[in-house]
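Q: Listed here are the chains, written in short residue letters.
Number of protein chains: 2
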Amino acid sequence: MSKQAYLKLEKRFRRIGVIRDINEVLHWDNATKMPAGGGTGRSNQLAELCNINHSLLCDTETGDLLDEAEKDSTLGSWQLANLTAMRRKWSHAAALSEELVLALSKASSKCETVWRAARAQDNFATVLPHMDNLLSLVRECAQAKSESLGLSQYDALLDEYEPGGLSADIDVRFAELEAFLPGFLGQVLENQKSNPPPAMPEGPFNVAAQRKLGLQLMTALGFDFKHGRLDVSLHPFCGGTPDDVRITTRFDENDFTSAIMGVLHETGHGLYERGLPQEWRYQPVGEALGMAIHESQSLLIEMQMSRSRPFLEFAAPLIRNAFGGTGPAWEPQSLYRNLINVEPGFIRVDADEVTYPMHVILRYRLEKQMIVGDLALSDLPAAWNDGLESLLGIRPTNDREGCLQDIHWYDGAWGYFPTYTLGAMTAAQLFAAALQSDPQISLGIAKGNFTALITWLGENVHSLGCSLGPANVIEKATGRPLSSVAFISHLKARYLSS
Amino acid sequence: MSKQAYLKLEKRFRRIGVIRDINEVLHWDNATKMPAGGGTGRSNQLAELCNINHSLLCDTETGDLLDEAEKDSTLGSWQLANLTAMRRKWSHAAALSEELVLALSKASSKCETVWRAARAQDNFATVLPHMDNLLSLVRECAQAKSESLGLSQYDALLDEYEPGGLSADIDVRFAELEAFLPGFLGQVLENQKSNPPPAMPEGPFNVAAQRKLGLQLMTALGFDFKHGRLDVSLHPFCGGTPDDVRITTRFDENDFTSAIMGVLHETGHGLYERGLPQEWRYQPVGEALGMAIHESQSLLIEMQMSRSRPFLEFAAPLIRNAFGGTGPAWEPQSLYRNLINVEPGFIRVDADEVTYPMHVILRYRLEKQMIVGDLALSDLPAAWNDGLESLLGIRPTNDREGCLQDIHWYDGAWGYFPTYTLGAMTAAQLFAAALQSDPQISLGIAKGNFTALITWLGENVHSLGCSLGPANVIEKATGRPLSSVAFISHLKARYLSS
Numbered sequence: 001m002s003k004q005a006y007l008k009l010e011k012r013f014r015r016i017g018v019i020r021d022i023n024e025v026l027h028w029d030n031a032t033k034m035p036a037g038g039g040t041g042r043s044n045q046l047a048e049l050c051n052i053n054h055s056l057l058c059d060t061e062t063g064d065l066l067d068e069a070e071k072d073s074t075l076g077s078w079q080l081a082n083l084t085a086m087r088r089k090w091s092h093a094a095a096l097s098e099e100l101v102l103a104l105s106k107a108s109s110k111c112e113t114v115w116r117a118a119r120a121q122d123n124f125a126t127v128l129p130h131m132d133n134l135l136s137l138v139r140e141c142a143q144a145k146s147e148s149l150g151l152s153q154y155d156a157l158l159d160e161y162e163p164g165g166l167s168a169d170i171d172v173r174f175a176e177l178e179a180f181l182p183g184f185l186g187q188v189l190e191n192q193k194s195n196p197p198p199a200m201p202e203g204p205f206n207v208a209a210q211r212k213l214g215l216q217l218m219t220a221l222g223f224d225f226k227h228g229r230l231d232v233s234l235h236p237f238c239g240g241t242p243d244d245v246r247i248t249t250r251f252d253e254n255d256f257t258s259a260i261m262g263v264l265h266e267t268g269h270g271l272y273e274r275g276l277p278q279e280w281r282y283q284p285v286g287e288a289l290g291m292a293i294h295e296s297q298s299l300l301i302e303m304q305m306s307r308s309r310p311f312l313e314f315a316a317p318l319i320r321n322a323f324g325g326t327g328p329a330w331e332p333q334s335l336y337r338n339l340i341n342v343e344p345g346f347i348r349v350d351a352d353e354v355t356y357p358m359h360v361i362l363r364y365r366l367e368k369q370m371i372v373g374d375l376a377l378s379d380l381p382a383a384w385n386d387g388l389e390s391l392l393g394i395r396p397t398n399d400r401e402g403c404l405q406d407i408h409w410y411d412g413a414w415g416y417f418p419t420y421t422l423g424a425m426t427a428a429q430l431f432a433a434a435l436q437s438d439p440q441i442s443l444g445i446a447k448g449n450f451t452a453l454i455t456w457l458g459e460n461v462h463s464l465g466c467s468l469g470p471a472n473v474i475e476k477a478t479g480r481p482l483s484s485v486a487f488i489s490h491l492k493a494r495y496l497s498s
Numbered sequence: 001m002s003k004q005a006y007l008k009l010e011k012r013f014r015r016i017g018v019i020r021d022i023n024e025v026l027h028w029d030n031a032t033k034m035p036a037g038g039g040t041g042r043s044n045q046l047a048e049l050c051n052i053n054h055s056l057l058c059d060t061e062t063g064d065l066l067d068e069a070e071k072d073s074t075l076g077s078w079q080l081a082n083l084t085a086m087r088r089k090w091s092h093a094a095a096l097s098e099e100l101v102l103a104l105s106k107a108s109s110k111c112e113t114v115w116r117a118a119r120a121q122d123n124f125a126t127v128l129p130h131m132d133n134l135l136s137l138v139r140e141c142a143q144a145k146s147e148s149l150g151l152s153q154y155d156a157l158l159d160e161y162e163p164g165g166l167s168a169d170i171d172v173r174f175a176e177l178e179a180f181l182p183g184f185l186g187q188v189l190e191n192q193k194s195n196p197p198p199a200m201p202e203g204p205f206n207v208a209a210q211r212k213l214g215l216q217l218m219t220a221l222g223f224d225f226k227h228g229r230l231d232v233s234l235h236p237f238c239g240g241t242p243d244d245v246r247i248t249t250r251f252d253e254n255d256f257t258s259a260i261m262g263v264l265h266e267t268g269h270g271l272y273e274r275g276l277p278q279e280w281r282y283q284p285v286g287e288a289l290g291m292a293i294h295e296s297q298s299l300l301i302e303m304q305m306s307r308s309r310p311f312l313e314f315a316a317p318l319i320r321n322a323f324g325g326t327g328p329a330w331e332p333q334s335l336y337r338n339l340i341n342v343e344p345g346f347i348r349v350d351a352d353e354v355t356y357p358m359h360v361i362l363r364y365r366l367e368k369q370m371i372v373g374d375l376a377l378s379d380l381p382a383a384w385n386d387g388l389e390s391l392l393g394i395r396p397t398n399d400r401e402g403c404l405q406d407i408h409w410y411d412g413a414w415g416y417f418p419t420y421t422l423g424a425m426t427a428a429q430l431f432a433a434a435l436q437s438d439p440q441i442s443l444g445i446a447k448g449n450f451t452a453l454i455t456w457l458g459e460n461v462h463s464l465g466c467s468l469g470p471a472n473v474i475e476k477a478t479g480r481p482l483s484s485v486a487f488i489s490h491l492k493a494r495y496l497s498s
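Line by line, the protein sequences are chains C and B. All residue numbers in the first sequence are consecutive under this note's numbering, ending with 498. All residue numbers in the second sequence are consecutive under this note's numbering, ending with 498.
Because the hints were derived from the structure by calculation, they are not lab data. Where hints are given, some of them may not hold.
Which copy is meant is left open, so a pair is good if it fits within one copy or across any two.
Claimed, not checked - Each computed DSBU-like pair below joins lysine-lysine, with the alpha-carbon atoms no more than 30 angstroms apart:
hint	residue 1	residue 2
1	K11	K110
2	K447	K492
3	K226	K33
4	K226	K110
5	K11	K89
Work the whole structure out from these sequences, hints included.
A: Quick look at the structure:
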């Protein structure tokens, strides 16, 4: 039997991969360079790419070729994994009718636009009908994917962001966190009260100097500027392609840590993209392995490594030089204590790593209810406020600080939220395994030499692409399945000993 | 009869138009932002877009729909013009086999790469075989288009850049210039010798200040920054789309005039793109009308308007302020005299407007001979040097300053060169007509108020898209067919009276 069907699929998915890259460049341009008046034209461009992508992917020939290639006994392991990844992409796309895709795209675009104004005006009522419409389409989509993938409705949505992810597993892990975190948070806050962090360096902090410092740290981490760049956008992200990685940050003159930690976070994402297997470029198996693993790479660099004493031994002198700072506020220990300050708040994106999982658990619970129809959207604001109060002990007094704060649902992305905390748990487990596997990693960090760490991540995560599923990657790299153990140990070590 | 066929074509060409825009954004990114390592990926992206475009355009259905729509007696005049423009695009694309398109793309890409090194090393011999291969493919292409369009081989190539352009007409116009320019140039140089231009302001000129001045002038000209931006690239250009116009310039610390004149030139292109008929967006009839008219819009702003005394009355104070200049070198008359200095040289892109046509006539003559097979490429360097000597009285001593200087042929663009000088003649004729039609235009320029001029250009050129051919646009706007009369009058007025 020849590999003919498989090779035809590779050819077709190569085109899909190239179009995906074009899409990435346009999205980056949108967020960083495009003048406001280019918006309508850009929407037309993205819609056309979506259209072309859908034709290539959902062509009936693709389905037939998949059926045929799956009978091919001559394929190697990467080819088989590639075929699995192709099938997954095809199943997600082909489950939806063209009308549903179009309706979803229109409804999410409309809902997102209305949400922006609704959030600014703290007026949930204005976005409610649009969100209702969007949710009913997303539920239709969940139903269709549920049948096609043989998963529950929520899990069918989750699978798009976390391949093979199951809410039954997430429930167990999140329950472990919920059993631990409230009591732990109380201890940490008590601790902090009796030993408050020292004063922070005072601004303003020159933006050009912040940028230069960001570039210095990126260079130290091995970010390859021949294959990437740093720009500014309203919301930091990592975009572009594996050979042209475009990360962004934003600068605050009063607080250099937000830009710098943002740069380190996105550099983690960027190193992952850049480290994907070059020989499988444009093929599904050569892509990153879902959002939880992606987030683990950014959190490993930002949270595990950079908000640590050894890293700040290396970074504090660079930070001092960048801004001409002198005095005790610029000492590694002082910077460290400030970077790990814990404070319950209403806003997820501003949350520290101790309270962050609570924000995620709240959203995860609510979105599961919404997808199965157990929560009417008119009850969302109250359910949100009740939920946060019970998880974190604080109650939002308005919806801007409550259910209107995040774009995800208003953009149609139900099923995404749990990947943030799965990513944090994965980061902790991977980092612990890395440190244990090679003493050079730990020694290197304090000296600003990250080669051993990045090499370990390259071998154990980046270069694998999607040749294994997330669960297998984690188990192979760390010797055990994902659990909350490493994350909880990390929190205890960091927050109860400082 | 229903408009069904025509409407189907509109739908198809809308997609082609959107893909064209995506292409423009990627090209802009290439030249301004992309890190070097993104090159291979970008080539893949552009090749895929070319592929998609070719499928949409050359689909046999497109030809059938054109045949059918051309029998439709219910179409309005813009629809008919749109149909003509569609047919033209189709004829150019469908004349070439897929193999020939692929071979051309590969050969030009290869030849261009080799040319870059050959030019740097002044080594024509290394690029000769690649150029030979490319030329034979271009001749094959000219032959195929000649049959399909019913034009001579050279004119079939020319038509792609200048719709409806005929070398028989160009021969006549260029003969007029050749009869006039050599004698005129002698007079101008004589004149200049007895009355040399005053000293220029001395640099260095701060780049940020140059940029700010460029933005000021763009704003004064009505460039809409909600729909466009200014960046830096090695070779200045105007790219992007009508609702997102991206112009570029480059900065020289020792000479602010190159960046500023570049900005004014590209702003002329940009105002044209922005002024194209919005209601025909994405349709062929809504596009710009060939390269000569496009160049006329940039030359009208840069050469006709900006290198003039009235404009410098307005601009000199801005220029002084930008660099904190004082003294006679910063006076309008002094800046003007320097901006119109004439000096025969070897390099086309550095040429003044008096000698520029000679550079173009040389290339035009040579490329016509190459296309019909009357000039072997091994004889090109000598033919070039002989030609320049006879036209301009100077002889290059190396090929870097001779036949290796321009990218066009090495990139496969035979038939492009004459549009530069057609553009210069058109600019002169349009500007003279504009000044005559409304005295406010002339008065406005000295005050920095360009509304009347831009409005006139909008009505007489920009908003017409391709609803008329170039010859008709010029005749309608100026009352007579294109000739060298206005250009020659302009040269006499500017260069013999200062």
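Q: Determine which of the earlier numbered hints do not hold for this structure and return their numbers in increasing order.
A: none
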